[in-house]
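Working from the sequences, and respecting the hints, build out all of it.
Residue numbers for the sequence shown follow this note's numbering, beginning at -7 and rising by one.
Source of the hints: derived by calculation from the structure; they are not laboratory data.
List of simulated lysine-lysine pairs, DSS-like, C-alpha gap at most 27 Å: (1) Lys12 <-> Lys112; (2) Lys38 <-> Lys112; (3) Lys9 <-> Lys38; (4) Lys198 <-> Lys170; (5) Lys38 <-> Lys12; (6) Lys112 <-> Lys9; (7) Lys198 <-> Lys167.
As the structure is a prediction and not an experimental result, all values here were calculated from the model.
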Amino acid sequence: MFDEIAINETLSDLGYKRMKRFTYRALWSTSGVEHFLYLEFYGTPKHLLTAGFGFRNLSAELFSLRSIRSYGGELYRLIRHDERFDCAMNFSFGRLRSPVRRWSLNTPDFSGSGLAERLKSEIEDVLLPRIQSIRGLSEFHALLLSDVEPFPWVACNGAIRAAQVVAIGRQIGMKATKIRAALRPREQWIRVGLHTACDPEYYIEKVLDDWDAQVRALDA
-7 MFDEIAINET LSDLGYKRMK RFTYRALWST SGVEHFLYLE FYGTPKHLLT AGFGFRNLSA
53 ELFSLRSIRS YGGELYRLIR HDERFDCAMN FSFGRLRSPV RRWSLNTPDF SGSGLAERLK
113 SEIEDVLLPR IQSIRGLSEF HALLLSDVEP FPWVACNGAI RAAQVVAIGR QIGMKATKIR
173 AALRPREQWI RVGLHTACDP EYYIEKVLDD WDAQVRALDA
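Next comes the structure, spelled out in structure tokens:
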């Protein structure tokens, strides 16, 4: 069974603060990188509990959404995003194990405390060793550029991810030429994310220009 109080207490013990129902922010987040945890039910009836995790640098997050709305076509102008706790870079627990498959817990198989303990084990033993060291912008930038499980490019919008690579790269002092070169191997995923709205190279140039213009405006 699902005991929300037991779940909330267990996640609190792991350093996750409840933001709203089924959404939690890691108290060990930093000013540069915030970490979130999301729970969800599915099935008929909705007895299957699944989970996901996400991370963000808020300024890069908001910039990347402005970028996809500007250059990704009409569909992306309808994107909804709650900047209090939404992450464009979010991934399922199913990606934490090989082979990748949907991860879920059948809640009727557990007592309330048993379910909380099973979720705790998955977070403590499997999730945290993969993500807890991602606390600085340099580490986050390296993660975004990489293409490995549990956070591959295929599992997110490549155009949004590329804009975050630009934003964080510029924040840590990376030259535009280096950012272009680093993103070149990811152009196929950027193209998929844009849905043919524009060419990946054009998009990267526009995003670089937009970030630098934003910085100049803030410094003025």
